[in-house]
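Kindly produce the complete structure, drawing on both the sequences and the hints.
For the first sequence, position 240 (counting from the first letter as 1) is numbered 239 according to numbering that gives the first Met the number 0, and the numbering increases by one without interruption.
Source of the hints: derived by calculation from the structure; they are not laboratory data. Wrong hints could be hidden among the right ones.
[To be verified] The list that follows gives simulated cross-link-like pairs (lysine-lysine, DSBU-like), each with its CA atoms no further than 30 Å apart:
hint, residue 1, residue 2
1, K204, K618
2, K66, K118
3, K53, K618
4, K157, K118
5, K645, K132
6, K132, K51
7, K171, K499
8, K205, K66
9, K575, K618
10, K118, K645
11, K66, K643
12, K643, K618
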Amino acid sequence: MDESVTAAPAPRQDTAAAEGPRYDFRSAEPKWQREWDARGCFRVADVPTDGKPKYYVLEMFPYPSGKIHMGHVRNYTLGDVVARYKRARGHAVLHPMGWDAFGLPAENAARERKVHPAKWTYENIANMRAELKRMGLSLDWEREFATCQPEYYRHQQKLFLDFLQAGLVERKESWVNWDPVDGTVLANEQVIDGRGWRSGALVEKKQLSQWFLSITKYAPELLSALDGMDRWPERVRLMQANWIGRSEGARLRFALTAPEAGLDQVEVYTTRPDTLYGMSFLAIAPEHPLAAAVAARDPKAAEFVAECRRMGTSEAAIETAEKFGYDTGLRVAHPFIEGATYPVWIANFVLMEYGTGAIFGCPAHDQRDLDFARKYGLSVTPVVLPPGADAASFTIGREAYVGPGTAFNSGFLDGLDVDAAKRAAIEALEARGVGEGVVNWRLRDWGVSRQRYWGCPIPVIHCESCGVVPVPDDQLPVTLPEDVTFDRPGNPLDHHPTWKHVACPSCGKPARRETDTFDTFVDSSWYFARYCSPKADVPMVRAAVDHWMPVDQYIGGIEHAILHLLYSRFFTRAMKDTGHVSVEEPFAGLFTQGMVTHESYRTAAGPNGTWLYPEEVEKRADGSAVQRGSGDPVIVGRVEAMSKSKRNTIDPGAIIAKYGADTARWFILSDNPPERDMEWTEAGVAGAYRFTQRVFRMAEALQSTPAGPPPGMFGPAARTLRGITHKTVAAVTEALEGFAFNVAVARLYELANAIGEAEKAAGESAGAEAQAGLTWARHEAITMLARLVAPMMPHLAEEMHARLRPEQGMVADLPWPEPDPALLVADSVTIAVQVMGKLRGTVTVPPDSPADAVIAAAEAEPNVAKALEGKRIVKRVHVPNRIVNFVVAG
RNA sequence: GCCCGCCUGGCGGAAUGGUAGACGCAGCGGACUUAAAAUCCGCAGCCGUGAGGCGUGGGGGUUCGAGUCCCCCGGCGGGCACCA
0 MDESVTAAPA PRQDTAAAEG PRYDFRSAEP KWQREWDARG CFRVADVPTD GKPKYYVLEM
60 FPYPSGKIHM GHVRNYTLGD VVARYKRARG HAVLHPMGWD AFGLPAENAA RERKVHPAKW
120 TYENIANMRA ELKRMGLSLD WEREFATCQP EYYRHQQKLF LDFLQAGLVE RKESWVNWDP
180 VDGTVLANEQ VIDGRGWRSG ALVEKKQLSQ WFLSITKYAP ELLSALDGMD RWPERVRLMQ
240 ANWIGRSEGA RLRFALTAPE AGLDQVEVYT TRPDTLYGMS FLAIAPEHPL AAAVAARDPK
300 AAEFVAECRR MGTSEAAIET AEKFGYDTGL RVAHPFIEGA TYPVWIANFV LMEYGTGAIF
360 GCPAHDQRDL DFARKYGLSV TPVVLPPGAD AASFTIGREA YVGPGTAFNS GFLDGLDVDA
420 AKRAAIEALE ARGVGEGVVN WRLRDWGVSR QRYWGCPIPV IHCESCGVVP VPDDQLPVTL
480 PEDVTFDRPG NPLDHHPTWK HVACPSCGKP ARRETDTFDT FVDSSWYFAR YCSPKADVPM
540 VRAAVDHWMP VDQYIGGIEH AILHLLYSRF FTRAMKDTGH VSVEEPFAGL FTQGMVTHES
600 YRTAAGPNGT WLYPEEVEKR ADGSAVQRGS GDPVIVGRVE AMSKSKRNTI DPGAIIAKYG
660 ADTARWFILS DNPPERDMEW TEAGVAGAYR FTQRVFRMAE ALQSTPAGPP PGMFGPAART
720 LRGITHKTVA AVTEALEGFA FNVAVARLYE LANAIGEAEK AAGESAGAEA QAGLTWARHE
780 AITMLARLVA PMMPHLAEEM HARLRPEQGM VADLPWPEPD PALLVADSVT IAVQVMGKLR
840 GTVTVPPDSP ADAVIAAAEA EPNVAKALEG KRIVKRVHVP NRIVNFVVAG
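Written out as structure tokens, the structure is:
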């Protein structure tokens, strides 16, 4: 999904392993990967019959840019922890992987390197697949597909045709955002600050005939359903709600005092019908039909409209945001005030795409209208009186008043508050038949046409006699021609000598194929459903999607908070309405991970220096950094998102080769909460690596210990360790359930530390029976550690477990451990004792001791007694097993 | 401009309203070693010799008790952005 390409030179190969009984990840990781694969551990059926509860874990599939990057490693590690954990909890887990394989980089590669997009893409996929496999992910690889395969996109064409038939597709002549560098149309969402999201080129406005998916038909439910999506991050729901942008207001028609080219009225949309009496002008968008009509006879108007088009979304317009207008000389009548008329302006700040492309200007209560009115000397009449303000003296200066208040200077609305005035105004408009209350949406239909080769062909044929004719089912898929050239700008499909010439399926006459291809967001709007039955000869097998959908846990970057997720939600509804699925929402749970960041480095030479890769930098003991080899000073820059341009990238392949997949996974999980940005540091990885070695040594030390039934007697050390072991099971379980992977890691470090303590105690404890008990407890602890660590470091877990409990088989097949409830209860509890809320000491008592006993012990504690000396205790607060607080006087 | 989120040691962070700083990283001291690496043991919020005091961006409030709840302010980050 992410088209950025990460490339860094491979770092030098350090040998991290030294002497000693070490965990050899280099042999262990491939071994267990082969073992899981051979046993088909992670394969599930399209329609399972085993009766297990289903769980569908999905990470956003990658764009095959060539290499995996750290963002992928984080994403797929998070998903794998969930998948392995849920599997151990008895779920049948669907955990698939595939490729978001259409898109511009392949065409760019074709242009720059003369390699065919398909070849480039499939080679990248092969490379990235191998990299992912080295991570040891619990994926069902038999479900893999790439969206550029005709076996995939033929079903996308079928879905489109079904949507077309269901009235969910429209062909519209529309103003589009044209990217002159990429030579293609961009969705509004793909225009960032007036520039193409990929090329960075200034976007122009152009009128084209385009295919649109009618996402706006679903706007109300796409909005209302957000309320129930309690396993989505609040801020993503909010971003989507803002994007859909529901507003309530009125649509009303202003009569022109004299008709213009047959037009006798102008329709506007407003959220403030209560301010109609404050009107001072009417403004229309430069693209408005009335503007075109005026321009046809008025050269100055034509020039102004042309000027607006040039400025359009240009940088100058965006940055200065200055308002320009042209007075057409036309006038409109006020709907309420007999005889009053107002000028009609063409204004650059009125958007044709929103509402009706026309507004009425009320400068006193809208900042934009005020700016415009001040610039052109138009009247400013306040009609909403702020609470407490004086009607006689209230005036508007440079700031419009947009707050609450009561209507004044407003005829029949006078005295009403803003909400009541809105209702009254709408009633009056409706009574006169010139307007009505409406709900308006910011969301616009989804333009999916792209003038590109490397995408899914839109399966329609244009016939001069029959118009637009859908490609018949039996002629699907419409496949891309392979013999294309990229030596000139524009769409290679359009340049192809023969491809577009076909017979009309309806009348048989020569006709022309649609040469546009789909926006690649279409490909990713249903792939999650295809995974349920990836080999089927229909888009999806109903029984399979009904079983697996919705995705229980979807994981990916926040950058897809709006586009991909909203399109997928729309697509799922459209698929439901065309009989493909039963669900409305594709993703029951969503988790958005943070970015992976790293320090950046620059040479000190020159004005800005040269960016250096981390491998080229050597850190000195004094904290300074120098260039490896030359010893030249290096400027350590800020920690920021890994990017090729800043060269602060770390190649996952190199990390896995040096430390192993488990270490990389462990570090990425341990550093911080997964929703935040994490900083990749060499020291952090090294620490994670040390842990793998340490716990492996512990397992080796206890591997010859027979794992029989518990011995009859446990000494204090053994009892302590067992308590920690079982509390860790409970704590890690809770942490994993809550996506608190860094906390799970911390609890496992604690368990490892406790085993270390027990090891020391083993040398000291007296009595053979106590020794045996402690050894048994240590064996239990390290075995539990292996099993608890398994979702995060699966290879190490298997390697340890194979030594500790070989008779039990693989960890991957074992259920998740359950703590012994009896061991979760402590022998004693330490209770904090406060005097006036300040900690003065602690007392250790049996759990659930009666209040008076605890309070007595607390008062007796020497330091507490000292603090209470000479004071009168007015209140004794006792919270069982937690705290005692004395409130004193005097 | 509007909306949202965040702010805890040197750093990443932990903490159902109940012993703030778990755990890790970095650091310091020690053991082992001819030496280093690795490993192991120990110390470690700040001020103070100590008793003790101060501490979760700042200020106020609720509470026996606030990192946690409420109000105000500040800073940082993100989303939307001429949406009428």
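Each hint tested on the structure:
| no. | hint | verdict |
| --- | --- | --- |
| 1 | K204 with K618 | 51 Å, violated |
| 2 | K66 with K118 | 15 Å, holds |
| 3 | K53 with K618 | 49 Å, violated |
| 4 | K157 with K118 | 26 Å, holds |
| 5 | K645 with K132 | 28 Å, holds |
| 6 | K132 with K51 | 27 Å, holds |
| 7 | K171 with K499 | 21 Å, holds |
| 8 | K205 with K66 | 37 Å, violated |
| 9 | K575 with K618 | 57 Å, violated |
| 10 | K118 with K645 | 29 Å, holds |
| 11 | K66 with K643 | 12 Å, holds |
| 12 | K643 with K618 | 21 Å, holds |
Comparing the model with each numbered hint stated earlier shows that hints 1, 3, 8 and 9 do not hold.
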